[in-house]
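Visitor: Listed below, chain by chain, are the residues.
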Amino acid sequence: MSEPTIKTENAMDADALAGAGVTAEPARPGVLRRLVGNPLGLIALIILAIVVVSGIIGPWVAPFDPNHASLADALKGPGGAHLLGTDSAGRDVFSRLLVGARSTLIAAALAAAVALVVGVPSGLIAGFFGGWFDSIASWCTNVLMSLPAIIILLAASAALGHSVWVSMTIFGVLISTGFFRLTRTSVQAVRSELYVDAARVAGLSNTSIIGKHILFVVRAPLIIQTSMVCGIAISIQATLEFLGLGDVLVPTWGVMLNEGFINIYTSPILAVWPGIAISLTIGAFVVLGNALRDALEDTPKAAKKRAAAGPSRVSLLDDDETRGVALVKSNHLLEVNGLGVGYPQPSGRVKTVVTDVSLHLDRGEVLGIVGESGSGKTQTAFSILGLLPDEAVITGGSIVFDGTPLVSSSGGRLSQGRLAALRGKRIAYIPQEPMSNLDPNFTIGYQLVRPLVKVLGLSKADARARALELLGIVGITNPQRTFDAYPHEVSGGMAQRVLIAGAVSCNPDLLIADEPTTALDVTVQAEVLDLLRDLQDRFTMGVVLVTHNFGVVADLCDRVVVMQNGRLVESGDVRSILRDPRDAYTKTLLGAMLEGKTPMTMLTAGPDPLDDEMRMKASI
Amino acid sequence: MFSFIVRRIVSGVVALFVVSSLTFFLLYFSATSVARNILGESATQAQVHQKEIELGLDQPLVGRYLHWLGGVLHGDFGVSWFTSRSVVGSIFDRLPVTLSLVLVTIAIVAIVATLVGVAAAVRRGWIDRLLQIVSIAGSAIPQFVIAIIVVTIFAIKLHWLPATGYVPLGGNPGGWAVSLVLPVVALAISAVASTAQQVRSATINVLSKDYVRTLRSRGLAPREILFRHVLRGAAPAGMTVLSLQFIVMLGGVVVIEQIFALPGMGFLALQSTIQGDMPVLMGVVVYIVLIVVIVNLLVDLAVGWLNPKARVS
Chain R
2 MSEPTIKTEN AMDADALAGA GVTAEPARPG VLRRLVGNPL GLIALIILAI
52 VVVSGIIGPW VAPFDPNHAS LADALKGPGG AHLLGTDSAG RDVFSRLLVG
102 ARSTLIAAAL AAAVALVVGV PSGLIAGFFG GWFDSIASWC TNVLMSLPAI
152 IILLAASAAL GHSVWVSMTI FGVLISTGFF RLTRTSVQAV RSELYVDAAR
202 VAGLSNTSII GKHILFVVRA PLIIQTSMVC GIAISIQATL EFLGLGDVLV
252 PTWGVMLNEG FINIYTSPIL AVWPGIAISL TIGAFVVLGN ALRDALEDTP
302 KAAKKRAAAG PSRVSLLDDD ETRGVALVKS NHLLEVNGLG VGYPQPSGRV
352 KTVVTDVSLH LDRGEVLGIV GESGSGKTQT AFSILGLLPD EAVITGGSIV
402 FDGTPLVSSS GGRLSQGRLA ALRGKRIAYI PQEPMSNLDP NFTIGYQLVR
452 PLVKVLGLSK ADARARALEL LGIVGITNPQ RTFDAYPHEV SGGMAQRVLI
502 AGAVSCNPDL LIADEPTTAL DVTVQAEVLD LLRDLQDRFT MGVVLVTHNF
552 GVVADLCDRV VVMQNGRLVE SGDVRSILRD PRDAYTKTLL GAMLEGKTPM
602 TMLTAGPDPL DDEMRMKASI
Chain U
82 MFSFIVRRIV SGVVALFVVS SLTFFLLYFS ATSVARNILG ESATQAQVHQ
132 KEIELGLDQP LVGRYLHWLG GVLHGDFGVS WFTSRSVVGS IFDRLPVTLS
182 LVLVTIAIVA IVATLVGVAA AVRRGWIDRL LQIVSIAGSA IPQFVIAIIV
232 VTIFAIKLHW LPATGYVPLG GNPGGWAVSL VLPVVALAIS AVASTAQQVR
282 SATINVLSKD YVRTLRSRGL APREILFRHV LRGAAPAGMT VLSLQFIVML
332 GGVVVIEQIF ALPGMGFLAL QSTIQGDMPV LMGVVVYIVL IVVIVNLLVD
382 LAVGWLNPKA RVS
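Same order as they appear, the protein sequences are chains R and U. In short: position in the first sequence from 1, add 1, done, that's the working numbering. In short: position in the second sequence from 1, add 81, done, that's the working numbering.
Be careful, since some hints might not be right.
[As the list claims (entries may be wrong)] Some chain R residues flagged as far from chain U (calculated, every beta-carbon gap over 12 Å):
| hint | residue |
| --- | --- |
| 1 | 350 |
| 2 | 421 |
| 3 | 469 |
[As the list claims (entries may be wrong)] List of simulated lysine-lysine pairs, DSS-like, C-alpha gap at most 30 Å:
| hint | chain 1 | residue 1 | chain 2 | residue 2 |
| --- | --- | --- | --- | --- |
| 4 | R | 461 | R | 426 |
| 5 | R | 455 | U | 390 |
| 6 | U | 290 | R | 426 |
| 7 | R | 588 | R | 352 |
| 8 | R | 77 | U | 238 |
| 9 | R | 461 | U | 390 |
| 10 | U | 390 | U | 290 |
| 11 | U | 238 | R | 461 |
| 12 | R | 352 | U | 390 |
| 13 | R | 455 | R | 426 |
| 14 | U | 238 | R | 455 |
[Stated by the list, open to error] Computed beta-carbon distance windows for the label pairs:
| hint | chain 1 | residue 1 | chain 2 | residue 2 | range |
| --- | --- | --- | --- | --- | --- |
| 15 | U | 147 | R | 202 | 52 to 62 Å |
| 16 | R | 50 | U | 238 | 16 to 26 Å |
| 17 | R | 202 | U | 154 | 54 to 64 Å |
| 18 | U | 147 | R | 489 | 45 to 55 Å |
| 19 | U | 387 | R | 130 | 31 to 41 Å |
| 20 | U | 102 | R | 136 | 13 to 23 Å |
| 21 | U | 140 | R | 162 | 22 to 32 Å |
| 22 | R | 479 | U | 180 | 44 to 54 Å |
| 23 | R | 374 | U | 102 | 52 to 62 Å |
| 24 | R | 60 | U | 127 | 25 to 35 Å |
| 25 | U | 248 | R | 481 | 50 to 60 Å |
If you're looking for bench data, these hints aren't it; they were derived computationally from the structure. Virtual Cβ for every residue (Gly too), placed ideally from N, Cα, C.
Please model the entire structure based on the sequences and the hints provided.
Guide: Structure (structure tokens):
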């Protein structure tokens, strides 16, 4: 997932932008209203409007001729006839400031236009057609990106003269790399989308596909990038003018800054006005870019960002301890009562994903949590582990593990800090997707040994022996080779065995397995299920098995709870629920599973809209 | 890995060749009235003509290019049109100044940006908001304006540090360090802010990975996860950002050296641009692009070495 909060002007932001751009919704009506509704965006627009108006009418409304020198009036302070004073040649600072806006705007517009004209079409062609053009264009982009712009602009100005038109045309080419990469990445991402295929099948030509579908997708990130480029171009052009490489006859902010710098000991105020003008203008473009991003892009993402900034997180650096916790009387290994989990929304409302869930588990027992995607089953499992995403909050209820309350109220808020001391010692976790759950940068052996040393206090040699033994226990035929391997060198099934070995390495009382077989091949699934059953017997663990598959439930579980839309709809022992499901949703789930197979029960689900939906999902 | 290195080196050499050739033709094609500039308005037409022959300006462009290229391959970039000094000599005089400035700055940027970026990613809160504000300000205020502000406050108003000048490292390390403080600060401010932003995103990106959750489930301490796994995962992105910052800085030294009167490569580049001293300017361009190519290669190697997939195969 790309992180949409990068707010710098760097050309390399193109990649981040591109990542966000793919998911960005195209401009909708109301974008302008949202932009104006954002106070920073509104301020930026006002500043830019003032600069644009000054640039257009400045030469006519300026109180003095900006180039009229009068040594008698030199270096006057602000006030009197000269609103902001005069420079060392007696020229009116305010008039020069007004007129200087024009050259600033020319620089921004020219660089942005050249960059768009060069970058977007080449990015479209490279991304859409690939091939040799893509290779050459990408190579050129890499070269252009590795050139220090100022050095190239110095050479250009030595060869072609000191003109804003020359420098900003060349700078436009240099900075077109951002647009090229942005467009190319976005096009590559949408090129293979179904709707683009559909358009092709429908007989649309490449040109109209590019025009209608692809440009539509990339235009939001392009607008944002353009705003940023305008700001950078102004900065670069002012730098050149400051260095004396601008047109000497045109009053510009960069020249004024140079003038101010020359007189920095006598009259530093001269540098202040153009400094403020230029910083406000560039800042307005930067802020406008960020405000545009917020206004144009996916609102849920922005919402998540804001929610994440809230203070209610279970932070990675929580260091709560277990000492002094009053034990709660409970007959079960794990008891969850009335659990609620929610995500705060930007509106201040909390979106609940788990409501009033109660369940319990005894030692040596296997409990299945069944439901479709979004039913809250994984959120429930993560609450028991204390591994909910940072932005999630526990809205209510209690979780008690072997007499220790895992969710408690502290300062009006529910905290899960106590879990840190139990995780990896008494509570373990097997994830769903094996490959993404191993750190690709460390060997499997390191990832197994480290917790044994750090959490369980084994010596290095003992930990190593234990890790190799565990790899053998989970059925890996050559433990030493897997121990030395990096995660990308083993198969998915093997990786899942490694993760299981890691989970059981602490001999846990409670094992939470989140869809442990979903990501695996069918044959490997059966082996992993066998392994889980075997280990559960061997270590007499309580196991919470999260799954959407009633087959797995029937295979492994003693009891089962069924969840839908964040609520429990049914619970009981496996046999009775499989034979005699009471809830309509449970029947539907069973029916969906049994489709095309010989039913184990007499019951099949009747026509149900949800059933159709699931059928449809299955057929995609 | 070996073929990867070879490919990168070839690509870098080709880029160096293409850029320097294009720059050569651009610069020398336009260098028409240079003899007159060198000799001044009072020189006679004959003297000007004599000078043009001396500089080889009467030769065809392609011939001069091949001559230049032949020299460059032997490490000879010719002599300055104005001072007759060897170009390589001038560059080697000035390289230590620029390298001191840039390397010290990049080291500081790397350390500060990593600390701030990681802290902003993990703690959020005020440090994150401060980073957002500073990075908007850092990208809004042009570098030379930042430099002017820094000089005005710390050199002119407070007299804490010298406003201009450079002390070589050799004789006087203390003086060298003092002479570099303000230029480094001016060069570092916006670089720190934008690099810290990128480090922050990279860190948040790694923190949201599944394997971080699994490591937490194994009971490892948050510190251990952060410093061993998260930083390791974010390192390639961080190094790429630093290499881009390095390139930006090589351009930034032009204005910084001008403001602080440091006799470095940027100073030389600007001086030769204003004079139209094409051999010197060519030398500066080639050396700067060469430095960039080497740095990019080193960063590619480091990133490749950090990635187990590339390292093993």
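Visitor: Next, verify each hint and record whether it holds.
Guide: Here is what the structure says about each hint:
The Cβ of residue 350 (chain R) sits about 21 Å from the closest Cβ of chain U, beyond the 12 Å cut-off, so the non-interface label holds. Not every Cβ of chain U is farther than 12 Å from the Cβ of residue 421 (chain R); the closest lies at roughly 8 Å, contradicting the non-interface assignment. Chain U leaves residue 469 (chain R) outside its interface by the beta-carbon criterion, the shortest separation being 17 Å against a cut-off of 12 Å. Between the alpha carbons of residue 461 (chain R) and residue 426 (chain R) the distance comes to roughly 18 Å, so the proposed pair stays at or under 30 Å and holds.
A C-alpha spacing of about 27 Å is found between residue 455 (chain R) and residue 390 (chain U), which places the hinted pair at or below 30 Å, so the restraint holds. As the CA atoms of residue 290 (chain U) and residue 426 (chain R) are separated by approximately 22 Å, the hinted pair is consistent with the 30 Å bound. In summary, the hint linking residue 588 (chain R) to residue 352 (chain R) is supported, as the alpha carbons are separated by about 28 Å, within the 30 Å threshold. Among the hinted pairs, residue 77 (chain R) with residue 238 (chain U) is consistent with the structure: their alpha-carbon atoms are about 21 Å apart, no more than 30 Å.
The suggested pairing of residue 461 (chain R) with residue 390 (chain U) holds, with an alpha-carbon distance near 26 Å, which does not exceed 30 Å. For a cut-off of 30 Å, the pair hint linking residue 390 (chain U) to residue 290 (chain U) stands: about 18 Å separates their Cα positions. A distance of roughly 60 Å separates the Cα atoms of residue 238 (chain U) and residue 461 (chain R); the hinted pair therefore is violated under the 30 Å criterion. Restraint check for residue 352 (chain R) and residue 390 (chain U): the C-alpha separation of about 41 Å exceeds 30 Å, so the hint is violated.
With a C-alpha separation of about 11 Å, the suggested pair residue 455 (chain R) and residue 426 (chain R) falls inside the 30 Å cut-off, and the hint holds. For the suggested pair residue 238 (chain U) and residue 455 (chain R), the alpha carbons sit about 54 Å apart, so the restraint of at most 30 Å is broken. In this structure the hint that residue 147 (chain U) and residue 202 (chain R) lie 52 to 62 Å apart at CB holds, the actual value being about 55 Å. Taking the beta carbon of each, residue 50 (chain R) and residue 238 (chain U) are about 35 Å apart, not inside 16 to 26 Å as hinted.
The beta-carbon spacing between residue 202 (chain R) and residue 154 (chain U), approximately 56 Å, falls within the hinted interval of 54 to 64 Å. Distance hint for residue 147 (chain U) and residue 489 (chain R): a CB-CB separation of about 49 Å, consistent with the stated range 45 to 55 Å. In this structure the supplied range 31 to 41 Å holds for residue 387 (chain U) paired with residue 130 (chain R), their Cβ-Cβ distance being about 34 Å. Between residue 102 (chain U) and residue 136 (chain R) the Cβ separation comes to about 20 Å, which falls inside the hinted range of 13 to 23 Å.
For residue 140 (chain U) paired with residue 162 (chain R), a C-beta distance near 24 Å keeps the hint of 22 to 32 Å intact. For residue 479 (chain R) paired with residue 180 (chain U), a C-beta distance near 51 Å keeps the hint of 44 to 54 Å intact. Between residue 374 (chain R) and residue 102 (chain U) the beta carbon distance is about 58 Å. The supplied range of 52 to 62 Å therefore holds. At about 47 Å, the beta-carbon gap between residue 60 (chain R) and residue 127 (chain U) misses the expected band of 25 to 35 Å.
The hinted window of 50 to 60 Å between residue 248 (chain U) and residue 481 (chain R) holds, with their beta carbons roughly 59 Å apart.
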